[in-house]
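Assemble chain E onto chain L, guided by the hints.
Spelled out, the chains give:
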Amino acid sequence: MTAALLLEQGFNGLQFGLVLFLMAIGVSLAFGVMNVINLAHGSMLMLGAYFIAAATVRTPSVAVAFIVAMAAVAILAALLELAILRPLYARGHLDQVLATFGASIALNEAVIMIWGREPMFISPPPWLEGFVRIAPGLDYSVYRLAISGVAIAAGIGLFVLLSRTRLGMQIRAGAEKREVIAGLGVNIRVLFTAVFVISALLAALAGIMLGPLLAVQSGMGDSLLILALAVAVIGGVDSLKGALVASLIVGLVDTYGRMFWPQVLGDVAGNIMANAAVYVLMAIVIAWRPSGLFGRQHAH
Amino acid sequence: MRTRLIIVAVLGLIAALVPLLGEPYYTKLAARMAIFALAAVSLDLIVGYAGLVSFGHAAFFGLGCYAAGVLPLFGVQSAFVILPAAVLAAAAVGFVTGAISLRASGLYFIFITLAFAQMVFYIAQGMRPLSGDDGFRLPAPTTLGGLRLTDPNTLLYFMLALLALSTWVSVRITQSRFGQVIQAGRDNPMKLSAIGLSPYPYRLALYTYACALAGLAGAAYANLTEFVAPATMSWVLSGELLFMVILGAVGTLTGAIIGAVVFVGLEQVLSAYTEHWLFPLGVILVLRVLLWPSSK
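Protein chains in written order, with the working numbering: chain L, 1 to 300; chain E, 301 to 596.
For reference, chain L alone in the conformation it holds in the complex (with noise of 0.2 angstroms):
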């Protein structure tokens, strides 16, 4: 083990970690803003992801095709929270939980449908692809460092927009006390519209991004939103602070752990020790401290 490949895993780990942040931000928002559980987050992903596929053979532009897939994905959120959301603010967890988690698979098979069953691979943009000397010994892949850099962009511009504009001071006061806000005179539903439409932008993003390091097929996003939720639970549900940092241990535990379980474990024990590692973690974290590492210490 060379401290070239350590320093690649630990590059490869912050990556993930950042992606991870884009879906968690919608889980953390969703859940701070309108208390509530959105299953069809990860299709938001996949999404992105398909649209991306579609656009770029029609377009050779890179920049239309994101427009345009963003774009979609902005509508489609839309009119979900308008058809689905909206109508269940009032209801139990139980009719949110199950009315996204019937949009979820009928958006996964929607796809298998439009786009049948068989995998697409895209490929980065050309001025993207090959690798960049990094450090001595160590070439990295140029389209990863893009994700990176993407990653925190879209993290600073939710930051800028949450602590400098009226509409993050808004989100912000909405989800301190959804009351107080409604009580100033602010509609709390176009609110939440925007919320759910730049949740849903963002798990786009990620989606868009991971497309030519993954395969695009149905149901890509559903793995990642789960660990988006396990890394909401370790970093504090309501807070976007703690969703990024739990977002990076996350991305680092994951991705080391796959390279050193094995070494440690052996072959058996330590391919299923890898896979279980974050949900190790995270009952560690809530046995420790119930409402996450950066959660408000309040009984949920």
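The set of hints was computed from the structure by calculation and includes no laboratory data.
Each hint should be verified, as a subset may be incorrect.
As the list claims (entries may be wrong) - Computed far set for chain L versus chain E, every beta-carbon distance over 10 angstroms:
1) A110
2) G185
3) M282
To be verified - Derived Cβ-Cβ restraints for the label pairs, each shown as a range:
4) E:M490 to L:R296: 17 to 25 angstroms
5) L:V268 to E:Q568: 33 to 41 angstroms
6) L:E176 to E:S493: 26 to 34 angstroms
7) E:Y326 to L:G149: 57 to 65 angstroms
Unchecked claim - With a straight-line cut-off of 25 angstroms between C-alpha atoms, the simulated SDA-like cross-links for lysine to any residue are:
8) L:K177 to E:P489
9) L:K177 to E:M490
10) E:K491 to L:R91
11) L:K241 to E:P439
12) L:K177 to E:N488
13) L:K241 to E:I400
14) E:K491 to L:P290
Glycine included, C-beta positions come from ideal geometry on N, C-alpha and C.
This is chain E only, laid out in the frame that chain L set:
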């Protein structure tokens, strides 16, 4: 209450007569309904009576499946060993994960149960000697004396008896003092703690019992499909089990049985029309929730 009981009794009677048709297909279908009915009843105990939405129940169903699939590799086939092992595996994992997840409630509980179920799923997927994600054929049927549970008629009658017994025991549990504490914890936790009772140990006991029942159903399911795979632990199955619970009426147990029968029937009918039956199923689920609020 009475109407549902009559419906369930009639359904049970019809199921008992199905083998007379002499078509193994229908017998297997009825057995499938009974298996999922047992799993749905166990989930309804958690969702309907404790008021906690578990999105990870398939993990325990799958553990039962694996118990029935792994023990024959060690030469064990008897139901008298396999079923207790399925119960023990599901109950043990249920107890440990429940001890952690039950510290939370509401949305947190949903998150944590889903994440733990995914952990169990990934562990099964990581078991390379058991073909990992692909799963494996059931090495040998579970035997009950001279009978094999892979025989559709045997499986159906076994499941009907097991379902009737488990449902009866579960109903008695919900009506007991224990069950009243569980329901008080759902309806008015503050009052309950004012009496000096913490719902936690009661919930943990109920959760463990419910997981054990799901494990039993899973062991039977391995004999129905004669196949064992991580898919039996997937979050999609957890969602489908919840769908069965609300299709009937939440918190009635008999409603869960009706829900499971309707769900499995729906699955059969839709898949006969289109290979893309998951699409209409998802749409029906969304409409069911939007049009009729579940009581919880």
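Verification of the hints:
{"no.": "1", "hint": "A110", "in the structure": "6 angstroms, violated"}
{"no.": "2", "hint": "G185", "in the structure": "28 angstroms, holds"}
{"no.": "3", "hint": "M282", "in the structure": "6 angstroms, violated"}
{"no.": "4", "hint": "E:M490 to L:R296: 17 to 25 angstroms", "in the structure": "20 angstroms, holds"}
{"no.": "5", "hint": "L:V268 to E:Q568: 33 to 41 angstroms", "in the structure": "38 angstroms, holds"}
{"no.": "6", "hint": "L:E176 to E:S493: 26 to 34 angstroms", "in the structure": "27 angstroms, holds"}
{"no.": "7", "hint": "E:Y326 to L:G149: 57 to 65 angstroms", "in the structure": "59 angstroms, holds"}
{"no.": "8", "hint": "L:K177 to E:P489", "in the structure": "23 angstroms, holds"}
{"no.": "9", "hint": "L:K177 to E:M490", "in the structure": "23 angstroms, holds"}
{"no.": "10", "hint": "E:K491 to L:R91", "in the structure": "23 angstroms, holds"}
{"no.": "11", "hint": "L:K241 to E:P439", "in the structure": "50 angstroms, violated"}
{"no.": "12", "hint": "L:K177 to E:N488", "in the structure": "24 angstroms, holds"}
{"no.": "13", "hint": "L:K241 to E:I400", "in the structure": "24 angstroms, holds"}
{"no.": "14", "hint": "E:K491 to L:P290", "in the structure": "23 angstroms, holds"}
Checked against the numbered hints above, the structure violates hints 1, 3 and 11; every other hint is satisfied.
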